[in-house]
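Protein chains in written order, with our numbering: chain A, 4 to 117; chain B, 13 to 125.
Keep in mind the hints are simulated off the structure, nothing from the lab.
Be careful, since some hints might not be right.
Stated by the list, open to error - Derived CB-CB ranges, DEER-like:
no. : chain 1 : residue 1 : chain 2 : residue 2 : range
1   : B       : R63       : A       : T8        : 23 to 31 Å
2   : A       : T57       : B       : N65       : 41 to 49 Å
3   : B       : D29       : A       : E55       : 44 to 52 Å
4   : B       : K70       : A       : E33       : 42 to 50 Å
5   : A       : T57       : B       : S40       : 46 to 54 Å
6   : B       : T81       : A       : F13       : 42 to 50 Å
7   : A       : T57       : B       : H84       : 30 to 38 Å
8   : A       : V15       : B       : E51       : 19 to 27 Å
9   : A       : E55       : B       : K70       : 33 to 41 Å
10  : A       : D29       : B       : K54       : 15 to 23 Å
11  : A       : Q20       : B       : S24       : 38 to 46 Å
12  : B       : S30       : A       : S21       : 44 to 52 Å
Just so it is clear, the structure is predicted and the values come from calculations on it, not from any experiment.
C-beta: ideal position from N, C-alpha, C; glycine also.
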Amino acid sequence: NAGVTQTPKFRVLKTGQSMTLLCAQDMNHEYMYWYRQDPGMGLRLIHYSVGEGTTAKGEVPDGYNVSRLKKQNFLLGLESAAPSQTSVYFCASREQGVAYNEQFFGPGTRLTVL
Amino acid sequence: GENVEQHPSTLSVQEGDSAVIKCTYSDSASNYFPWYKQELGKRPQLIIDIRSNVGEKKDQRIAVTLNKTAKHFSLHITETQPEDSAVYFCAAYYTGGGNKLTFGTGTQLKVEL
Numbered sequence: 004n005a006g007v008t009q010t011p012k013f014r015v016l017k018t019g020q021s022m023t024l025l026c027a028q029d030m031n032h033e034y035m036y037w038y039r040q041d042p043g044m045g046l047r048l049i050h051y052s053v054g055e056g057t058t059a060k061g062e063v064p065d066g067y068n069v070s071r072l073k074k075q076n077f078l079l080g081l082e083s084a085a086p087s088q089t090s091v092y093f094c095a096s097r098e099q100g101v102a103y104n105e106q107f108f109g110p111g112t113r114l115t116v117l
Numbered sequence: 013g014e015n016v017e018q019h020p021s022t023l024s025v026q027e028g029d030s031a032v033i034k035c036t037y038s039d040s041a042s043n044y045f046p047w048y049k050q051e052l053g054k055r056p057q058l059i060i061d062i063r064s065n066v067g068e069k070k071d072q073r074i075a076v077t078l079n080k081t082a083k084h085f086s087l088h089i090t091e092t093q094p095e096d097s098a099v100y101f102c103a104a105y106y107t108g109g110g111n112k113l114t115f116g117t118g119t120q121l122k123v124e125l
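Excised from the complex, chain A in its bound form (with noise of 0.2 Å):
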């Protein structure tokens, strides 16, 4: 049982390149998060969904898109990257209930955009 798993661990892009972020989870969950985080800021929520085929906008959105066609893939798109978007990036899951639960994260990525 691996958990969360996201590829790749590190990144370094130029300036308007572009890359997929994946992550992937063997829990079978339903509710899966991408957030970033940087240095005083905390995890800030980009991207959420409550389900396959479906997603939301979170706090940050602007400048990526993701896509959930299978349960448990979970991508994150940057189509023309920024410096601002060097940060590392964390993906989540966790079950669906009445109550919240544990939301389980992922190792993480270091992405830097030059």
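Position chain B against the provided structure of chain A, taking the given hints into account.
Quick look at chain B alone, frame taken from chain A:
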């Protein structure tokens, strides 16, 4: 939407002392309050959580208290050890919030020998 404020941003204590981190939230409908610990270079991990029908919860050296009237909750760590050094995040969730947590900005805790 929900807004969570966390204080202090940094906290330094001597080994064996207690540490307290405080958070306030804005939406009185919030009903779930987790605390995450993030060691350097690692992922955030849940260490304790509390729901709005409970005022206090303990797990060995850590405890969380909730004051719904004042809309604040706190993390208490007793007998601190060097391995407690990490960044701690509080968060809040309410049912009408779109199935997502709102996080505080984090507290860097350093336990000195």
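Hint check for S24 of chain B and Q20 of chain A - Cβ pair distance inside 38 to 46 Å: Check passed, 41 Å falls within 38 to 46 Å.
Please test the hint of 33 to 41 Å on the beta carbon pair from E55 of chain A and K70 of chain B. Holds, since E55 of chain A and K70 of chain B (Cβ atoms, about 39 Å apart) stay within the stated range.
Range agreement (Cβ of E55 of chain A with Cβ of D29 of chain B, hint 44 to 52 Å): Between D29 of chain B and E55 of chain A, where Cβ atoms are some 48 Å apart, the hint holds.
Regarding T57 of chain A and N65 of chain B, is the given constraint of 41 to 49 Å on their beta-carbon distance met? violated, 30 Å
Verdict for S30 of chain B, S21 of chain A (Cβ pair) under range 44 to 52 Å: Between S30 of chain B and S21 of chain A, where Cβ atoms are some 49 Å apart, the hint holds.
Just to be sure I understand the hint, the distance between the Cβ atoms of T57 of chain A and H84 of chain B should be within 30 to 38 Å; is that true here? holds, 34 Å
So does T57 of chain A sit 46 to 54 Å from S40 of chain B, Cβ to Cβ? violated, 28 Å
Quick one: are V15 of chain A and E51 of chain B within 19 to 27 Å, going by C-beta? holds, 24 Å
Indicate whether the distance between the beta carbons of K70 of chain B and E33 of chain A respects the range 42 to 50 Å. With a Cβ separation near 31 Å, K70 of chain B and E33 of chain A fall outside 42 to 50 Å, so the hint is violated.
With 15 to 23 Å as the target window, see if D29 of chain A and K54 of chain B comply at their CB atoms. Given about 20 Å between the Cβ atoms, the range holds.
Could you check the hint for me, namely that R63 of chain B and T8 of chain A are 23 to 31 Å apart, CB to CB? holds, 29 Å
Using the beta carbons of T81 of chain B and F13 of chain A, state whether their distance is inside 42 to 50 Å or not. holds, 46 Å
The structure is inconsistent with the numbered hints 2, 4 and 5, although it conforms to all the rest.
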